Amino acid sequence: MVDKKINLKESLSKLNGIVEWFDEQEEVDVEIGLAKVKEGAELIKDCKKRLSEVENEFKEIQRDIDKE
Amino acid sequence: MDNELLQKLKEWRKEKAETEGIPVFRVFSNATIEAIAQFKPTDKEALLKIKGIRDRKYDKYGENVLALVKEEDQNFLEDGFNEEVRNDEPLSVSDYLDFLNHQLNRDNARIRGEISSLDIRDRVIYFSLKDSEDGSLINCLIWKNVYQLSGIEFEVGMEIILSGYPDIYKPSGRLSFKASSAELVGEGALRIAYEKLKAKLQKEGLFDEARKKPLPLYPNKIGLITSKSGAVMADFSANIGKFGYKISFIDSRVEGQLATEELLDSIKTFRNKDIDVLVIIRGGGSMESFLPFNNETLVREVINFPVPVLVGIGHEKDVSLIGLASDMMVSTPTAVANTLNESWEQAESIVILSEQKIISKFRNTIQEKKDYIRDSLDKMKNAFQKIFNDFSKAQESLKIGFNSIKNRMNEIDRRLSGALIPVFRKMNFSVSSIKDNIYNSIAKEIFAGFIENKNKFEESLLLYQKQLVNNDPKRQLKLGYSIVMKNGRILKTTSDIQKGDVVTVGLNEGSFDSEVKIINNK
Chain A
1425 MVDKKINLKE SLSKLNGIVE WFDEQEEVDV EIGLAKVKEG AELIKDCKKR LSEVENEFKE
1485 IQRDIDKE
Chain B
4 MDNELLQKLK EWRKEKAETE GIPVFRVFSN ATIEAIAQFK PTDKEALLKI KGIRDRKYDK
64 YGENVLALVK EEDQNFLEDG FNEEVRNDEP LSVSDYLDFL NHQLNRDNAR IRGEISSLDI
124 RDRVIYFSLK DSEDGSLINC LIWKNVYQLS GIEFEVGMEI ILSGYPDIYK PSGRLSFKAS
184 SAELVGEGAL RIAYEKLKAK LQKEGLFDEA RKKPLPLYPN KIGLITSKSG AVMADFSANI
244 GKFGYKISFI DSRVEGQLAT EELLDSIKTF RNKDIDVLVI IRGGGSMESF LPFNNETLVR
304 EVINFPVPVL VGIGHEKDVS LIGLASDMMV STPTAVANTL NESWEQAESI VILSEQKIIS
364 KFRNTIQEKK DYIRDSLDKM KNAFQKIFND FSKAQESLKI GFNSIKNRMN EIDRRLSGAL
424 IPVFRKMNFS VSSIKDNIYN SIAKEIFAGF IENKNKFEES LLLYQKQLVN NDPKRQLKLG
484 YSIVMKNGRI LKTTSDIQKG DVVTVGLNEG SFDSEVKIIN NK
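Protein sequences, first through last, are from chains A and B.
Heads up: the first sequence begins at 1425 in this note's numbering, then just goes up one per residue.
Heads up: the second sequence begins at 4 in this note's numbering, then just goes up one per residue.
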């Protein structure tokens, strides 16, 4: 899998931003709200995809030796 | 292993590294040159079989290495030759010492004794080790870097174990044991050393929470150092979540004096690798077995490590100094795995919670808007209803008004009709007016069905008219007839009169009164 760590971090941050946006609004503008929901849905999809079960990669490496 | 060749290889490596301006391990790792000293390859094929030497390295250093091996072999042969001829030809002192060193260097030994004298110099420490039972003594030396790595601060009277080999220093002819590692003996001594080092590092602030780096969120690339053997790896693997971790693993000893060096090399190796977090794990054990984890050099390496270090070392009474120096310390390999999983698992919850929040918030918004729209519609409906009601009232009023007008008109009509009927009656309706009336009145419409009988009807009327005309009394008068009336009544028989009655005789034009004189009954 491509490194999606940053994406997950960013996606979660964006997702959090959307939740906060909804929290902050006294009256939610439906058009903007809908756009946010759409964006949120995409982010949730991405995050869920990244968080779904992915096998780990184990790789044994040799140590460099520096005694001097 | 040929220690002499090993030393020569190390010296050659050092020169190369200095010339090229690179660390010695970039020329060859210790493991590689140790393997060369052990297997003594004599050709390219044999050299390439050694781990750490590939074509590129061979092209660069291969010839030098093969030359060194060959030279050493030559010396050995010469030594052998010398051995054969030494009875005949006396050896020089130097050659003899070389011969002895060659023999002495071959076997490593591990010796135990008490430090009886100590001379710490810049690059080397000279000391003597005494047998505590019979007082036997051996001169020893340890290079400063090896000494530092041992993590022990030598003191006279301290009991230690040394690993190394004997060597005769040619200028003085003095035999010394060259120590390649040193370790403390006994729990008590270890505890004292531990407490002392702990206090020192603590004083430096190396265990302060403030300098600890937080573990990264969603760690992905993990550097793992532990021993491949043992249950530790199994525990770790069983508990690490399937979040697509990329785990680079270095198998290292985690017990005993040799572990210190391997751990140090492993940590240094990871220093140049792209990892998010370094994980060092091992199971529990005695204080002695934890020696490497209380080593000052290792502690400092952990402290200066560029990414966070997570340490999971089995339960024990005394916390390892590496644990204290690490950015995070837990007590089991399982706990390490759980710690790494934590942010990933939290992310799962965050996603689920966020999803719920966003949906519920937006659903509320939609509901609010729906309510608002419904309220607005209700208001509009009410407003329109009022208008409709007003309109209905107006309509009703108009209806009443119209009815009133209608009634008025009917009244007028009725009155008119009522007034006209007598007038018509009074009037001497001529037949033609009746006819006109019939033609012009609504009756005509009503009797539209009788239109076909119109002519017949007209004919009847004309007949009546004719009859009326013919029978008009005035017409008779014109013809010369007259009318005799008594008291306004037309006389038709003599029986109605008596002699002397005055009667009126009507003529076509005018009339006269006459007295009855004679009555003729015939």
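Note that these hints are calculated values from the structure, not bench results.
Just so we're clear, the structure is a prediction, and the values are computed from it rather than from any experiment.
Any given hint could turn out to be false.
Distance condition first, Cα-Cα at most 30 Å in a straight line; then the derived DSS-like pairs of lysine-lysine [claimed, not checked]:
no. : chain 1 : residue 1 : chain 2 : residue 2
1   : A       : Lys1462   : B       : Lys373
2   : A       : Lys1438   : A       : Lys1483
3   : B       : Lys19     : A       : Lys1473
4   : A       : Lys1469   : B       : Lys249
5   : B       : Lys60     : A       : Lys1469
Hints and how they fare:
Distance restraint check for lysine 1462(A) and lysine 373(B): the Cα-Cα separation of roughly 20 Å lies within the 30 Å cut-off, and the hinted pair is therefore satisfied. Taking the CA atoms of lysine 1438(A) and lysine 1483(A), the gap is near 33 Å; set against the 30 Å cutoff, the hint is violated. Of the supplied pair hints, the one linking lysine 19(B) and lysine 1473(A) is violated, its CA atoms being roughly 51 Å apart against a limit of 30 Å. A C-alpha spacing of about 23 Å is found between lysine 1469(A) and lysine 249(B), which places the hinted pair at or below 30 Å, so the restraint holds.
A hinted pair counts as satisfied when its Cα atoms are at most 30 Å apart, and lysine 60(B) with lysine 1469(A) does not qualify at roughly 49 Å.
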